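The numbering of the sequence shown is our numbering, which starts it at 1 and goes up by one.
Honestly, I wouldn't trust all of these hints.
Here are the simulated lysine-lysine pairs, PhoX-like style, with alpha carbons at most 20 Å apart [said to hold, decoys possible]:
{"id": "1", "residue 1": "K32", "residue 2": "K95"}
{"id": "2", "residue 1": "K433", "residue 2": "K519"}
{"id": "3", "residue 1": "K605", "residue 2": "K618"}
{"id": "4", "residue 1": "K95", "residue 2": "K40"}
For the record, the hints were derived by calculation from the structure and aren't laboratory data. Being a predicted model, the structure only gives us computed values, none of them experimental.
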Amino acid sequence: MSEPINHSIAAKETESRKNTLWLDSVAGILEKAVYPISDKMKSLSLIILGLMVLPVVFDVLLRLFFKSSILGANEIEECAMVAVVYLAISCIQVKKEPISVELVVSRFPQWLQVVIQGFIYLISLVLFGLMSVQMIIATIENVETRSIVLHIPIFIFMGLASLGIIMLTIVLLIDCLRTFSQILKDGRGPWLLLVFTGGLLVFISSVLGRMFLGPQNGIVLGSLGMGILFLLILLRMPIAYAMALVGLLGMITVKGNLRAPFSMLGIVPYTSVASYILTVVPMFMLMGNIAFRAGISRDLFEAASKWLGRLPGGLAMSAVAACAGFAAVCGDSMATATTMGAVAFPELRRKNYADSLSAGCLAAGGTLGILIPPSMGFIMYALVTEESIGKLFVAGIVPGLLLASMFILAIWIIAVRNPAVAPRSEATPLREKIVSLKGIIGMLILFVTILGGIIRGYFSPTEAGAVGAFCAFILALFQRRLTRDNFILALNETVIAVGRLIPILVGVSILGYFLAASKLPFLLADFVTGFGINRYIIFAGVIVFYIILGCVLNIIPMILLTLPAIFPTILALGFDPVWFGVVIVITMEMGQITPPVGMNVFAMKSVARDVALETMFKGILPFFICMILIIVILTIFPGLALFLPNLFF
Numbered sequence: 001m002s003e004p005i006n007h008s009i010a011a012k013e014t015e016s017r018k019n020t021l022w023l024d025s026v027a028g029i030l031e032k033a034v035y036p037i038s039d040k041m042k043s044l045s046l047i048i049l050g051l052m053v054l055p056v057v058f059d060v061l062l063r064l065f066f067k068s069s070i071l072g073a074n075e076i077e078e079c080a081m082v083a084v085v086y087l088a089i090s091c092i093q094v095k096k097e098p099i100s101v102e103l104v105v106s107r108f109p110q111w112l113q114v115v116i117q118g119f120i121y122l123i124s125l126v127l128f129g130l131m132s133v134q135m136i137i138a139t140i141e142n143v144e145t146r147s148i149v150l151h152i153p154i155f156i157f158m159g160l161a162s163l164g165i166i167m168l169t170i171v172l173l174i175d176c177l178r179t180f181s182q183i184l185k186d187g188r189g190p191w192l193l194l195v196f197t198g199g200l201l202v203f204i205s206s207v208l209g210r211m212f213l214g215p216q217n218g219i220v221l222g223s224l225g226m227g228i229l230f231l232l233i234l235l236r237m238p239i240a241y242a243m244a245l246v247g248l249l250g251m252i253t254v255k256g257n258l259r260a261p262f263s264m265l266g267i268v269p270y271t272s273v274a275s276y277i278l279t280v281v282p283m284f285m286l287m288g289n290i291a292f293r294a295g296i297s298r299d300l301f302e303a304a305s306k307w308l309g310r311l312p313g314g315l316a317m318s319a320v321a322a323c324a325g326f327a328a329v330c331g332d333s334m335a336t337a338t339t340m341g342a343v344a345f346p347e348l349r350r351k352n353y354a355d356s357l358s359a360g361c362l363a364a365g366g367t368l369g370i371l372i373p374p375s376m377g378f379i380m381y382a383l384v385t386e387e388s389i390g391k392l393f394v395a396g397i398v399p400g401l402l403l404a405s406m407f408i409l410a411i412w413i414i415a416v417r418n419p420a421v422a423p424r425s426e427a428t429p430l431r432e433k434i435v436s437l438k439g440i441i442g443m444l445i446l447f448v449t450i451l452g453g454i455i456r457g458y459f460s461p462t463e464a465g466a467v468g469a470f471c472a473f474i475l476a477l478f479q480r481r482l483t484r485d486n487f488i489l490a491l492n493e494t495v496i497a498v499g500r501l502i503p504i505l506v507g508v509s510i511l512g513y514f515l516a517a518s519k520l521p522f523l524l525a526d527f528v529t530g531f532g533i534n535r536y537i538i539f540a541g542v543i544v545f546y547i548i549l550g551c552v553l554n555i556i557p558m559i560l561l562t563l564p565a566i567f568p569t570i571l572a573l574g575f576d577p578v579w580f581g582v583v584i585v586i587t588m589e590m591g592q593i594t595p596p597v598g599m600n601v602f603a604m605k606s607v608a609r610d611v612a613l614e615t616m617f618k619g620i621l622p623f624f625i626c627m628i629l630i631i632v633i634l635t636i637f638p639g640l641a642l643f644l645p646n647l648f649f
C-alpha cells in the first residue's frame, strides 16, 4: 500500500520541479534580455538629469542680465522630467526599491511573505499591463500633437513613458515567475490558487462595489477605497502601485464602465509627470546630494564643534547646529539624520557621550531637514494643496530655527543635570574658531542664493532648485572636492530618489480622480464641520493621527497619501493653509522619531549598529517634548510662521 503512495508523492515532486524549472527558465531569459536594457536606460536618465539644470540657469541669467529669455525652456524641462522618471522606473523595480511599508508583512513566516509577495506582484503586473496598453493607445492618438512654443512632438515623450511602463511590466512579470517558482519549491503549491483567487477578487471588487453600494454612496465608496488602499500598503504593496490600483478600481465603480477609467490610465502617467513645477523635486535633491559629496556636512559639524564644544553638552549641540545647517541644503529628514550621523556619531562616542543622547539628538536633528528650507516636505505639500512653495519655504525659517534652539536648550539642561552623559570638550583657540567659519560659507552661499533669489523675485521657487544645484556644483568644483565619481554618485542617488518618489505622485493623481468622483474629501469636510465641535479639538485629532501615521510612513508619502482627503476639512475649519503646512510638517516629523517605527531612528541605527533601539528611543524623549511645545507655541502664536511670508509676499 505504501509503494503507490510513495510513487504518487514522487510524481508530484517531479511535476513541481518541472514547473519551477520552466518558470525559472523563462524568468532567466527575460532577465538576460531586459535587465541590461533597464540599466542602460537608467544611465541615460543620469545624463538627462545633469543637463536639466542648464536651460533653467541660462534662462535665469539671460533674464537678469540681458532682459531676454530662452524660448520654450519650460517645455524642454517638462520633456526632460518625463525622460528622467520613466527611463529609471524599471531599474527601481529591478533593485526592489519602490517605497513600501515593511511594518506588518516582515513579521510573518518567510513562506507566507513569499505568498503575499506573489499576490502583490500579480495584481501589480495586471495593473501595469493595462496601463502599458492604454499608454500605447494614447501615444498613437497623439501622433499629431505638438508643444505650444517649440512644437516638440509630444508622442515621442509619451512613447518614452510607455516604454518605461512596458519595461516595468516585464520586470514585474519576472518577479511573478520567480516568486511563483519559490512558492512551488517551498511545497506551497496550493497557495498559488489563493494568490490567483485573491487577484481576481481585487479586480472584480469594483463590479461588486457598484452592485451592492451604488455610485451615489460617495462617502462609503471613498472610505472603502481608502480602507483597501491602506490594506494593500500594509501587505507591502508599493505605495505608488496601491494608489494607482485603488484609483482605477474606484473610478470603474463610480463610472460603471471601462472607457473613462482606462482613458485616464493612459493619459495621467504622462501628464502628471510632464510638469514644469515638478522639476523642483529632482533639482533640490541633486543640490543636496552634491553638497553632501562635497563634504559640506563635515565642515558644518567641525565649525559648530569648535564654537560650541566647550559648553555643557557642546558636542551634541554642535551636531544639532550642523543638522540645521545641512537642512538648508538638503531638504530631507532621513538624509540629514543619516549624513550627520555618519559624521558626528563616531566623534560623540569618542568623547564619551551617552549613546542615548548622541543617537537621540541626531535623529531629532534630522527632522530639521524637512522643516528648514529648502524642504521636500513643503514642496510636496505645495504640489498637493497648490499653495506657494516660496511662502512655505519662508514660513519654515523661524519655526525651524526656534526648534533647533529648543533642541540645543534641551541638551544644555540634560548636560547640566548629568555631566557624565555629555562631557565638555577641550577649549578651542579663538583663531581656530574663526578659521573654522570658512566651513559654513558653502552652506550660507546656497541658502542665501536660494531664499534671497526667491524673495527678491530673481527666480521662481521652481527655478531655485536648478539654480541651487548649479551653485552647489560650482562651489564643489571651486573647493576641488567634486570628483567625476562623486558627481556620478550624486546623479545616481538623485535619479533613484526621483524614481521612487515621482511614481507616488502619479498614483496620487490617479487616486485623486476617484476621490473627486466620490466627493469623499468634501463630504468628509461637511460631515466634520457639521458637528459644531470646536475646531481645535478636531485639529488635535489630526495631530494625533499624523503622529501615529508618521511611525509607519516617511513624511513625503504620508503627505501625498493623506492630504487630498484631509486638506478640504482644514480649509473648511478656517485654518491658514501656510500655517497648517508648517505645523503638519513638524507633526509628521514627530512620528519619524517615535516608537515603534521611527524612521529617523532606524536611519540612525544604520549608522550606530551596536546601539539598541530602546536606547535610541529613550534619548528621543526630550526632543519629542520640544516638538510638542513648538506645535503648542505655533498654535497660540501663528504669526511665528506667518510673519515672514506676509512680509515678503
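Outcome of the hint check:
no.: 1; hint: K32 - K95; result: holds, 15 Å
no.: 2; hint: K433 - K519; result: violated, 59 Å
no.: 3; hint: K605 - K618; result: holds, 14 Å
no.: 4; hint: K95 - K40; result: holds, 14 Å
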